[in-house]
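In order, the protein sequence lines correspond to chains D and H. The first sequence begins at 1 in my numbering and counts up by one. The second sequence begins at 1 in my numbering and counts up by one.
Among the hints, erroneous ones may be present.
[To be verified] Which bits of chain D does chain H cover? Going by a derived footprint, with three or more residues having C-beta under 8 Å, they are:
#1 61–68
#2 159–168
[Stated by the list, open to error] With a Cα cut of at most 25 Å, we get these calculated DMTMM-like pairs of lysine to aspartate or glutamate:
#3 D:K386 / D:D407
#4 H:K140 / D:E66
#5 D:K77 / H:E96
Derived by calculation from the structure, the hints in this document are not laboratory data. Built from N, CA and C at the ideal position, the CB exists for glycine as well.
2 protein chains.
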Amino acid sequence: MFIGLRRRRAKEQYSGLVAERQKILASIDTDFPRWYQDVLEKAELADNGPVRGTMVIRPYAYAMWERMQSEVDARIKATGAENVYLPLFIPQSHLEREAEHVEGFSPELAVVTHAGGKELTEPVVVRPTSETVFGEVMAKWIQSHRDLPMLLNQWANVVRWEMRPRLFLRTSEFLWQEGHTAHATREDAAAYATRIHLEVYKDFLENVLAIPVLPGFKSPSERFAGAINTMTCEAMMGDGKALQMATSHELGQNFATAFDITYTDSHGQVQTTWTTSWGSSTRMMGGLFMSHGDDSGLRLPPRIAPHQVVVIAVKDDDRTVDAAKHIVADLAAVGVRSRLDARVTPGFGRRATEWELKGVPIRVEVGPRDLDAAQVTYARRDAEGKSTLPLADLASTIPALLDQMQDDMLANARKRLTERTRHVSTIDEAREAAKTGFAVIDWAVLGEAGEQELNKDAITVRCLQTRDGQMPDPLNPEPDLVAIVARAY
Amino acid sequence: MFIGLRRRRAKEQYSGLVAERQKILASIDTDFPRWYQDVLEKAELADNGPVRGTMVIRPYAYAMWERMQSEVDARIKATGAENVYLPLFIPQSHLEREAEHVEGFSPELAVVTHAGGKELTEPVVVRPTSETVFGEVMAKWIQSHRDLPMLLNQWANVVRWEMRPRLFLRTSEFLWQEGHTAHATREDAAAYATRIHLEVYKDFLENVLAIPVLPGFKSPSERFAGAINTMTCEAMMGDGKALQMATSHELGQNFATAFDITYTDSHGQVQTTWTTSWGSSTRMMGGLFMSHGDDSGLRLPPRIAPHQVVVIAVKDDDRTVDAAKHIVADLAAVGVRSRLDARVTPGFGRRATEWELKGVPIRVEVGPRDLDAAQVTYARRDAEGKSTLPLADLASTIPALLDQMQDDMLANARKRLTERTRHVSTIDEAREAAKTGFAVIDWAVLGEAGEQELNKDAITVRCLQTRDGQMPDPLNPEPDLVAIVARAY
């Protein structure tokens, strides 16, 4: 009978949730863009800033960005790179040094013409990237072969004026890291760019954000301006479209030549370095939401969630609230980021919906009946229904449950990626497949002509891979690559 | 005889160091400003950016800033505040909302007039602070008394055009954190602003940077525009001048009224909140260098030092280098940030000078003779001479030595502060004392007229304190305060 009651209560609560949630969010299946806007607002992730195209990142989302920064930064530092800070402002003339670079950014630039109460003699540009300043400082700081490799990274805001802004995905100002390195040989530069691509970006995206990515090269037409090779991590969003999550570029000697980044080798000869650059941004936040979200809101992988567990006191009597507090403390003691919800209002149902919307991985509910039975009720955000756990086992069970959930979320995202990727042999089939997901087609079959053909329908080559889904060898690419094509953000 | 040799070698090395250092830095006693410029350059801390007044923060200094951020951020979060990110750009019209505020910043503003390839309809300002945007979002996010207190903080870059820039101390762009909070009562706001001042800033400055600070109120004329009370942490630099290290403001209801930051109380009545704001910046980096530096360069307190110990292999034979590597690993295992210097060039003397210049707290030297005696030679950066330690005791001794050094550096800085602070009873005496340090004078004796008098000689009231050197009570200030007056950066 107890179980019957529990079930009935759970069911009532569940239909309560459904009713609430239907009011809250557009359907993810029928209107994905609207769902995205809704979830950003209702889960209190971001607001539009007062200047069009800018963004206010609210505390809940910023806490995720802090975790992203810390995870990516630790991986970057493990490769030996050091962080620097370069100025926001760049003299307009400095951007003209590398012609190809300017052409890429010019319409996106924000220009300061007045400062200190008067017009500036030379306008200054708000950095669209710090690339030119990295070039200047590396040219200055690198003297001898003993200064190589020079491995630098920066966390900063950059500005690229957006005509069609979309929060996190395309904003006029965004937060990112950009790395720039200089090496004595192409081999060393290629190995380092690959290491960043695989050990920093791919590892972080898959093992922290639980987003499986397709590693590969950009096609020549999609390559970063000035790069001899662009490595990308492409992910599939909930609507089957692609999002480029991070890129790592080999710049050959193009950039070093433009900026005179040279060194004296051990024989006293002046040599030009080989450089790389690589970046990831707040765009990954959009990718996180669009990869895992469902009709009820966000679903956050435990490793990135600001609160891994929310403990809801179902009633506001002292005994319940005390028990909930104890659970939070016990979980914190075993390293679980836990949050107490002992609010009197709103009611339990609405509070549960709120945490569901915010994607908290595990919701623990404690009420008088649970306490009588020395147990708690809990729900995993990535599964239907609820279960119970003996109170005494919580601290030993929850960490493993969170690990399991992390793995399951990656596996489920990978399953969707596989299911919605079709191997095709003609351009027409590729076009058809890209309506709902990714298509894989021989690059020799598609070619740059076929790529242009697909571009007309807003379908792009996301990356080129080996037949077994690996990134090609930068120094000796395999001859028979396949192209991943898709619609993209 | 062994000891004799050791002494002779140490002495030769020491005079080598002196010779080297004399070439490197201006004398700290005779030309403090030049010494500061020199140390920034030679210790590879910062460069000028390509736009006048901007700054490149090099890896060694940025590593210190990262530690500062992490220490300050942890303390801010412990008070319950959450981080957000607000946009770099603010419409010019938004700054006009709070007249007093604009007057304070207008000549310092950088204005973007062109973006996206055309002239903007309304110019946008690069944030001199995010105060106005905080006002707007708090007005929006705060609805009911249940949303209070709202405790927000932001780490970001801000721009205030500088006519007389000086790296770290006054740069057109700098990095900082600014907190903004809203409370239901003045009491709560005052208590929170005090908590930030004492538990975040004063605690961090004294216990991490080893810089003793005088906590107190700003005099009315030095108060932040719009504040009803400004709490400051004032420190004494090596040349006896003061540097304001961080401030925390009670804004009363001025700011909340201007931005309509109101809430519905439990009786359904609309009430105006009481707000605070508080900030600290990369200026603290300048304070760190100028507080502890000496003729040989930086001296870094262990808790902020990027490398707490450098282990120098005196010779480049395998045995020595292996031993040095083992020491680094052993120290890392007990949580000491250690760095290996096993470079072949430059020679030992120049390498030792370099680490001294960079202020590494403990320099461990390992050579063949040390290894024969199963010991190492070490030097504390805050003391003259060298000592030896048995190899086997290193990992157990060094952590305690670092703690001791941290305490000693704070005690020594406090000793200087005390020695160079004179209690005076007339304005003339205060003027005289401010030539070499701080003066303490009864605020009732000085008054606002005396303050203006001193201002003519570039001497300012740094803060008002109780007679026993404490910060006054914000809600009920003691009647007989004293003023600390000094020249200042």
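To see whether the hints hold, each was checked on the structure:
no.	hint	verdict
1	61–68	holds (count 4)
2	159–168	holds (count 3)
3	D:K386 / D:D407	20 Å, holds
4	H:K140 / D:E66	24 Å, holds
5	D:K77 / H:E96	44 Å, violated
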